[in-house]
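Make the full structure from the sequences, and use the hints.
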Amino acid sequence: MLLLIEQCLNGLQLGMLLFMLAAGLTLIFGIMDLVNLAHGSLYMIGAYFAASFAALTGSFVAAIVLALAATLVVAWRSR
1 MLLLIEQCLN GLQLGMLLFM LAAGLTLIFG IMDLVNLAHG SLYMIGAYFA ASFAALTGSF
61 VAAIVLALAA TLVVAWRSR
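Going by the working numbering, the first residue of the sequence shown is number 1, and it counts up by one from there.
Derived by calculation from the structure, the hints in this document are not laboratory data.
Given the structure is predicted, the values throughout are model-derived calculations rather than measurements.
A virtual CB, placed ideally from N, CA and C, is assigned to each residue, including glycine.
Do not rely on the hints blindly, as some may be mistaken.
[Claimed, not checked] Derived CB-CB ranges, DEER-like: (1) L25 - L68: 17 to 23 Å; (2) L4 - R77: 42 to 48 Å; (3) I5 - L72: 19 to 25 Å.
This is how it looks when you write it as C-alpha cells:
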C-alpha cells in the first residue's frame, strides 16, 4: 500500500513539473511568438547542480539551496 501511495505522489509531482514547464513555454511563446529554449537549459543546469550537491553534501535541503544559488549565478552571468 505504501508503494502505491509513493508512486501516486511521484506521478503527481512529475505531472505538476511538466505542467509548469509547459505553462511557462506557452506563456513565453504566446507573448513573444518565439520559443525561448534557454529555460530548458537552465532547468537542466539546476538539476545537474542539485544532483551533484546532493552527492557531495548528503543533504537534500542543502543541495536544493546550493543548486538554486549556483543556477542563479549561471543565469546571471549568461545575461
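State, for the Cβ atoms of L25 and L68, whether the hinted interval 17 to 23 Å holds or is violated. This hint holds: roughly 21 Å between Cβ atoms.
- Given the range 19 to 25 Å, decide if the beta-carbon distance of I5 to L72 lies inside it. violated (34 Å)
**Request:** Determine whether the Cβ-Cβ distance between L4 and R77 falls within the hinted range of 42 to 48 Å.
**Result:** holds (44 Å)
Consistency note: the structure conflicts with earlier hint 3 alone.
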